[in-house]
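Work out the full structure, taking the sequences as your base and the hints as a guide.
Just so you know, the sequences run in chain order G and E.
For the first sequence, my numbering gives the first residue as 126, with consecutive numbering after it.
For the second sequence, my numbering gives the first residue as 126, with consecutive numbering after it.
Treat the hints as calculated values from the structure; they're not laboratory data.
Beta carbons are placed, not taken as given, at the ideal position from N, Cα and C, and that holds for glycine.
Careful, some of the hints might be misleading.
Have a look at the derived ranges for each label pair, beta carbon to beta carbon [said to hold, decoys possible]: (1) G:288 with E:288: 53 to 59 Å; (2) E:464 with G:220: 41 to 47 Å; (3) G:348 with E:209: 47 to 53 Å; (4) E:291 with G:330: 45 to 51 Å.
On the chain E side, residues computed to face chain G include the following (Cβ under 7 Å) [unchecked claim]: (5) 177; (6) 227; (7) 228; (8) 231; (9) 269.
SDA-like mimics (lysine to any residue), calculated; alpha carbons at most 25 Å apart, straight line [claimed, not checked]: (10) G:354 with E:198; (11) G:286 with E:129; (12) G:516 with G:167; (13) G:293 with G:281; (14) G:202 with E:169; (15) E:209 with E:179; (16) E:213 with E:198; (17) G:357 with G:205; (18) E:354 with G:130; (19) G:202 with E:497; (20) G:291 with E:133; (21) E:523 with E:497.
Protein chains: 2
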Amino acid sequence: MVFSYENLYSSSTARAKRSEIRELLKLIARPEVISFAGGLPAPASFPLDKIAEITRQVIEESGPQALQYGPTEGDPKLREELVKWAAKDGIEVDLEQVLITNGSQQGLDLVGKIFLDVGDPLVVELPSYIGGLQAFNSYQATMYGVPQDDLGMRMDLLEEKLAELKGKGIIPKFIYVVPDFQNPSGVTMPTDRRKRLIELTMEYDTIVIEDSPYRELRFEGEQPEPIIKLDKDGRVITLSTFSKIFCPGLRLAWAFGPEELISKMVVAKQSMDLCSPPFNQAIAATFMSQGLLHKQIDVIKELYYKKRQLMLSALEEHMPEGVSWTRPEGGLFLWARLPEHMDAKELFEEAIANNVAYVVGSAFHCDEGGKNTMRLNFSYPSEEQIPEGVKRLATAIKKTM
Amino acid sequence: MVFSYENLYSSSTARAKRSEIRELLKLIARPEVISFAGGLPAPASFPLDKIAEITRQVIEESGPQALQYGPTEGDPKLREELVKWAAKDGIEVDLEQVLITNGSQQGLDLVGKIFLDVGDPLVVELPSYIGGLQAFNSYQATMYGVPQDDLGMRMDLLEEKLAELKGKGIIPKFIYVVPDFQNPSGVTMPTDRRKRLIELTMEYDTIVIEDSPYRELRFEGEQPEPIIKLDKDGRVITLSTFSKIFCPGLRLAWAFGPEELISKMVVAKQSMDLCSPPFNQAIAATFMSQGLLHKQIDVIKELYYKKRQLMLSALEEHMPEGVSWTRPEGGLFLWARLPEHMDAKELFEEAIANNVAYVVGSAFHCDEGGKNTMRLNFSYPSEEQIPEGVKRLATAIKKTM
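Next comes the structure, spelled out in structure tokens:
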């Protein structure tokens, strides 16, 4: 008889489900499917030769250190490079305000660990990044959604929500936003909304988690102020990552925040994995110290700009009336809206039959809304695939309409 | 006014403290201190040239994949190598029973995540690995300690404890053991105790977490059966790591277990960090596929055997009567006992004044026992440092006696 584990599981395990996106990606792995579903960077952008050369240098110059355990907070050299990197945007942080993580996903998990007990309240965007929802869900948090418009989370509705919660004695542990070229919607929050966001955290005694993996990938328009830069009161943790501006395969990201909060995250990380790979950190630090990150970002921006153009043109050309989409000024994604009565989940089967894939928008909603929406990724598909994929998608939509 | 975060923290953050060992390691970083305190592998053993060569190959042959996101469960090539590796010890596992983690510390964290709610019971050894205690503590578990003797956890006392708990309606979520050259004690559990352990899990409806980072590092004597091999009922998760047999700086380890439990761990890992670095996994897979891991283990064993000999001889030569120690047949550590009335914490100051360091044994006890014990590491200090360090330690002990 096989023993049943049911009585041994934690309550979060009972609740946990595999990511819809990641399970989906397995199903659509057929080579004939053009996928706008993933969120992968274009591998053509990876600086293979530079990484090979730098790795050789790292092993030669500091192999025994790079292959040993390292400090939980991260390699001091890499953290110093990141302090300098922050300064270019006017963000002033000390070394003690920087933590290296295994991708920003670990940053989100750490935020969950230090703030969330079962049932604890927090505020997210509608729609919101699915990895954030998953991380906070794993702590069994209670999530309150505040709708976006084309300028990000609506501050009037946030204020309403915070007041309503306060009336019930509820103070959110934090407000989670992806302010730049949001995943999934592609929209960016302007500076005035960011200022208002900080004001509201002060009024309602909470903090902001600013998750900004795409900020450096702006093709056009002006960059609003980073939220952390607007904060004078220690109310912002900012998560940034090498995954979208260098490569994801090193699994390196970082968090900036008030020293006290970073220190709590360091303690939590000690029990999670002791430290991020010193080998990978040495590679990233050397890549930065040689001034290569700026150049790498230019390469990626040029590539994605072209791909976004191709996708926008194709949407313009093929989509039937009633379908609308965002026009992100950077990043990896855009967001399409079908007519109200349509359901992107129902459409999915027809799309797959047409050999094209996307992620249904409801996956990004903590309230099961967004049924008529979808996320389209333009960074990963090739320049040949983008127009053809959009054409296939339009065919599926027209047929289902 | 600076805002206070106290109301925002989770209860585990309120409880968390930095690791005593890791904080200690910072204090004793003076070059004149000979440290037996760390648990670091000898960097002289790291195969730098091989890693440089293999990294070049990985980038050349599969750079775009290795630098991209990968599956949460780990690189299939690495997992296949590990299935083969297991077979050499008679451990039969399928690919679906293997999960790659960021060091075994993440394995411990994942075990905590899938099994432990606040207050949940589990059984640990007295003494036990501090990283395990930290991980389970971060889930606010209730830990019950069962004493070891020179053959590991005492099964008679375990049975007593399980019966006592059952009388109170308490079933431990799992029993956590480090059966081979335990950290901290250096002792190994013989096969008959391992069999009894499995019987007891069946009788008391629980499972075993077998944490075995040092098993491959046996200098002499015969290897008992791995606990997972004795289990026919899906009651064992085994954690193993590259940190002690290859190098820690890649932060790679793995878990073997029943498919259902591994699948739960995969879901939990998705929300923690998406995946372990595919770059590092490709390096480890290539290292294994070239048959280099066996050779590497031979190099390490020769090195550590010599160091253990040096430490045992020096202890024999310098220690005053009343001090005893274990004689581990492998691994990185041995365990010393001072006379009952002595306190290793009080001794520590005198030891540091003599420029030698160790870890106080109480840090490894969930019940604050072990005051007269200490852990001595012999893998990291040099062959010159070991006799000199033991001499200094003996001087400090004699003075304090």
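Hint check:
no.: 1; hint: G:288 with E:288: 53 to 59 Å; result: holds (56 Å)
no.: 2; hint: E:464 with G:220: 41 to 47 Å; result: holds (45 Å)
no.: 3; hint: G:348 with E:209: 47 to 53 Å; result: holds (51 Å)
no.: 4; hint: E:291 with G:330: 45 to 51 Å; result: holds (46 Å)
no.: 5; hint: 177; result: holds (4 Å)
no.: 6; hint: 227; result: holds (4 Å)
no.: 7; hint: 228; result: holds (5 Å)
no.: 8; hint: 231; result: holds (4 Å)
no.: 9; hint: 269; result: violated (16 Å)
no.: 10; hint: G:354 with E:198; result: violated (38 Å)
no.: 11; hint: G:286 with E:129; result: holds (23 Å)
no.: 12; hint: G:516 with G:167; result: holds (21 Å)
no.: 13; hint: G:293 with G:281; result: holds (19 Å)
no.: 14; hint: G:202 with E:169; result: holds (23 Å)
no.: 15; hint: E:209 with E:179; result: holds (20 Å)
no.: 16; hint: E:213 with E:198; result: holds (22 Å)
no.: 17; hint: G:357 with G:205; result: holds (22 Å)
no.: 18; hint: E:354 with G:130; result: holds (19 Å)
no.: 19; hint: G:202 with E:497; result: violated (40 Å)
no.: 20; hint: G:291 with E:133; result: holds (15 Å)
no.: 21; hint: E:523 with E:497; result: holds (14 Å)
Checked against the numbered hints above, the structure breaks hints 9, 10 and 19 and satisfies the rest.
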